[in-house]
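Engineer: Listed below, chain by chain, are the residues.
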Amino acid sequence: MPNFCVADNKKNMLALTNRAKQVEREPMSLLERAYLPAIFKGMAITFGHMFKKRPTINYPEVTRPFSPVFRGLHILNRDEEGRENCTACGLCAVACPSEAITMEAAERKADEIHLYREEKYAAKYEINMLRCIFCGLCEEACPKDAIYLSETFAPANFQRKGFIYGKEDLLIPNPVTEPEAYAKAKGGRVKIK
Amino acid sequence: MLLFLDLALVLEKFILIVIVVMSSLLIAMYATFAERKVAAIMQDRRGPNRAGPFGLLQPVADGLKLFFKEEIIPDLSSKFLFILGPCLAMLTAMMTGAVIPWGDKVHFFGRDISLQIADINIGILYVFGVVSLGVYGIMIGSWASNNKFSLIGGLRAASQIISYELAMGIALIALLMTSGTLSLKEIVEQQQLHWYSWNIVKQPLGFLIFLICAFAECNRTPFDLPEAENELIGGYHTEYSSMKLGFFLFAEYINMFLSSAVMVSLFFGGYDIPFVNDGSLAETIGVNWIALIHTVLFFLKAACFLFLFMWVRWTIPRFRYDQLMNLGWKILIPLSLINMLVTGAIILLKQNNWHF
Numbered sequence: 033m034p035n036f037c038v039a040d041n042k043k044n045m046l047a048l049t050n051r052a053k054q055v056e057r058e059p060m061s062l063l064e065r066a067y068l069p070a071i072f073k074g075m076a077i078t079f080g081h082m083f084k085k086r087p088t089i090n091y092p093e094v095t096r097p098f099s100p101v102f103r104g105l106h107i108l109n110r111d112e113e114g115r116e117n118c119t120a121c122g123l124c125a126v127a128c129p130s131e132a133i134t135m136e137a138a139e140r141k142a143d144e145i146h147l148y149r150e151e152k153y154a155a156k157y158e159i160n161m162l163r164c165i166f167c168g169l170c171e172e173a174c175p176k177d178a179i180y181l182s183e184t185f186a187p188a189n190f191q192r193k194g195f196i197y198g199k200e201d202l203l204i205p206n207p208v209t210e211p212e213a214y215a216k217a218k219g220g221r222v223k224i225k
Numbered sequence: 116m117l118l119f120l121d122l123a124l125v126l127e128k129f130i131l132i133v134i135v136v137m138s139s140l141l142i143a144m145y146a147t148f149a150e151r152k153v154a155a156i157m158q159d160r161r162g163p164n165r166a167g168p169f170g171l172l173q174p175v176a177d178g179l180k181l182f183f184k185e186e187i188i189p190d191l192s193s194k195f196l197f198i199l200g201p202c203l204a205m206l207t208a209m210m211t212g213a214v215i216p217w218g219d220k221v222h223f224f225g226r227d228i229s230l231q232i233a234d235i236n237i238g239i240l241y242v243f244g245v246v247s248l249g250v251y252g253i254m255i256g257s258w259a260s261n262n263k264f265s266l267i268g269g270l271r272a273a274s275q276i277i278s279y280e281l282a283m284g285i286a287l288i289a290l291l292m293t294s295g296t297l298s299l300k301e302i303v304e305q306q307q308l309h310w311y312s313w314n315i316v317k318q319p320l321g322f323l324i325f326l327i328c329a330f331a332e333c334n335r336t337p338f339d340l341p342e343a344e345n346e347l348i349g350g351y352h353t354e355y356s357s358m359k360l361g362f363f364l365f366a367e368y369i370n371m372f373l374s375s376a377v378m379v380s381l382f383f384g385g386y387d388i389p390f391v392n393d394g395s396l397a398e399t400i401g402v403n404w405i406a407l408i409h410t411v412l413f414f415l416k417a418a419c420f421l422f423l424f425m426w427v428r429w430t431i432p433r434f435r436y437d438q439l440m441n442l443g444w445k446i447l448i449p450l451s452l453i454n455m456l457v458t459g460a461i462i463l464l465k466q467n468n469w470h471f
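Keeping their order, the protein sequence lines are chains W and C.
If you're matching positions, the first sequence starts at 33 in my numbering and goes up one per residue.
If you're matching positions, the second sequence starts at 116 in my numbering and goes up one per residue.
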């Protein structure tokens, strides 16, 4: 039979934890009521904060270093001669859990040998960056070292269609004609076999 | 000849007025910038640093923004008073600068030019008069907005300033009893002798009361109840937009600067250089140079007070209204009365060669 008497309950109540603290209800002393010592204490604290190191980084000028395993925007890779690696096999699109990748294959013509490494290439290659979850499974699936996740992330855009990245957005700059831009886009991690 | 002299005097005063008004506007501008910067570094942030080098053009950008905003005058407001409010706030904020001695004097074109716009013998009374007029801008503006929050803000401002002006005045009476003059120039000159002749040494309690009351008069935290963003959505300037709002905000910073200037003149020796005999230094390097040093030093001292204003703002939370009134009427006024009585007793004892 439970006991509903409040006073009785209180007497027999067990503390749930040992962290309970008795609240001090003493009237304030004169020094506390003068309020000024507390103010000076507070002002000392705020003044001390002036010399603390600020955690903010001046973002557009300075960026935080990404971790070596950071997975950012995709790049479509080229080989040393500047030919596209991608053969439009579709393995990346199959591997993609969010179905962000679409592509259309085309056959290489005789006069396009300097553009594409193999006989088949991706005429259209689109990644929807709003669907993409940057998991990196496309990178793992690719047998031709054609797609890599780089160290940048998708910039903001006002329109949804601005997030559908085509080949012109994804392709790495040509290492033969634009070596500096290529090196910058490649970053420190992409290895070309 | 007489006419020529008068014209020269008018010209000299006019130039001085322009310089004082311009420099107080400039200082108020950069006080807004400094406020944001101080707030930022006290909160471990960086603060505005995008407009210009180190963000130095931020106040210009803010001012331009305010100018380009739409002017909204509420439909049911009384239009004339609505416009008069910020004008009055700005006007009274600027007027205080007239009696403050920014420096001793300069010597140009064979004339001694005093660096005080008007050396009137009731200088400190003038300051008091103008400062208490300052609340009219807030009251009129808040009443004319026809908005409950504004009205509450205006009422708070009025009652707060009335309550704290009393304590401020009584604290000042004690100071005036030791100095024996109401002229700010003379008060400053009396403090020139030694570093320990600064009035802060003679009247530490009086200074503390004056300082607290100055915070209240400037509507600064912890006494910013008239504004109280989070209770009154901006208080007296809820309905204001564009540069009329800018004038209210600006007037607050000019008030801050000028009350710092008054505190420096009254308690911290004005333009006095501490630990230096100004008179002999003036003979060696010339009057004009010493005037420059004096003025720069005066502004530096005032800047320290401005920093104090900001420092306190970003440290202490706002008072509750009853706490504000308790502090004003039950603590500050009795304290200042005691201070006045003790000062009077000491002066009497001193006159009697320390015999009862």
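Among these hints, one or two may not hold up.
[As the list claims (entries may be wrong)] Below 35 angstroms or equal to it, Euclidean Cα-Cα: the simulated DSBU-like pairs (lysine-lysine) are:
| id | chain 1 | residue 1 | chain 2 | residue 2 |
| --- | --- | --- | --- | --- |
| 1 | C | Lys180 | W | Lys73 |
| 2 | W | Lys84 | C | Lys263 |
| 3 | W | Lys199 | W | Lys85 |
| 4 | W | Lys156 | W | Lys199 |
| 5 | C | Lys263 | W | Lys85 |
| 6 | C | Lys180 | W | Lys85 |
| 7 | C | Lys465 | W | Lys193 |
| 8 | C | Lys194 | C | Lys180 |
| 9 | W | Lys193 | C | Lys194 |
| 10 | W | Lys176 | W | Lys152 |
| 11 | C | Lys180 | C | Lys263 |
| 12 | W | Lys84 | C | Lys152 |
| 13 | C | Lys194 | C | Lys317 |
| 14 | W | Lys84 | W | Lys73 |
| 15 | W | Lys193 | W | Lys152 |
| 16 | C | Lys184 | W | Lys73 |
| 17 | C | Lys465 | C | Lys317 |
| 18 | C | Lys194 | C | Lys263 |
| 19 | W | Lys73 | C | Lys317 |
| 20 | W | Lys218 | W | Lys152 |
| 21 | W | Lys216 | W | Lys199 |
| 22 | W | Lys53 | W | Lys84 |
| 23 | W | Lys218 | W | Lys141 |
[What the hints assert, rightly or not] Far from chain W, some chain C residues (derived; all Cβ distances over 12 angstroms):
| id | residue |
| --- | --- |
| 24 | Asp159 |
| 25 | Ile198 |
| 26 | Trp444 |
Since the hints were derived computationally from the structure, they do not count as laboratory data.
Glycine residues also receive a C-beta, built at the ideal position from the N, C-alpha and C atoms.
Engineer: Give a verdict on every hint.
Structural biologist: Hints, verified against the model:
no.	hint	result
1	C:Lys180 - W:Lys73	violated (38 angstroms)
2	W:Lys84 - C:Lys263	violated (43 angstroms)
3	W:Lys199 - W:Lys85	violated (44 angstroms)
4	W:Lys156 - W:Lys199	holds (7 angstroms)
5	C:Lys263 - W:Lys85	violated (44 angstroms)
6	C:Lys180 - W:Lys85	holds (32 angstroms)
7	C:Lys465 - W:Lys193	violated (88 angstroms)
8	C:Lys194 - C:Lys180	holds (23 angstroms)
9	W:Lys193 - C:Lys194	violated (50 angstroms)
10	W:Lys176 - W:Lys152	holds (12 angstroms)
11	C:Lys180 - C:Lys263	holds (27 angstroms)
12	W:Lys84 - C:Lys152	holds (15 angstroms)
13	C:Lys194 - C:Lys317	violated (49 angstroms)
14	W:Lys84 - W:Lys73	holds (17 angstroms)
15	W:Lys193 - W:Lys152	holds (28 angstroms)
16	C:Lys184 - W:Lys73	violated (41 angstroms)
17	C:Lys465 - C:Lys317	holds (14 angstroms)
18	C:Lys194 - C:Lys263	holds (17 angstroms)
19	W:Lys73 - C:Lys317	holds (26 angstroms)
20	W:Lys218 - W:Lys152	holds (24 angstroms)
21	W:Lys216 - W:Lys199	holds (18 angstroms)
22	W:Lys53 - W:Lys84	holds (32 angstroms)
23	W:Lys218 - W:Lys141	holds (28 angstroms)
24	Asp159	violated (5 angstroms)
25	Ile198	holds (39 angstroms)
26	Trp444	holds (16 angstroms)
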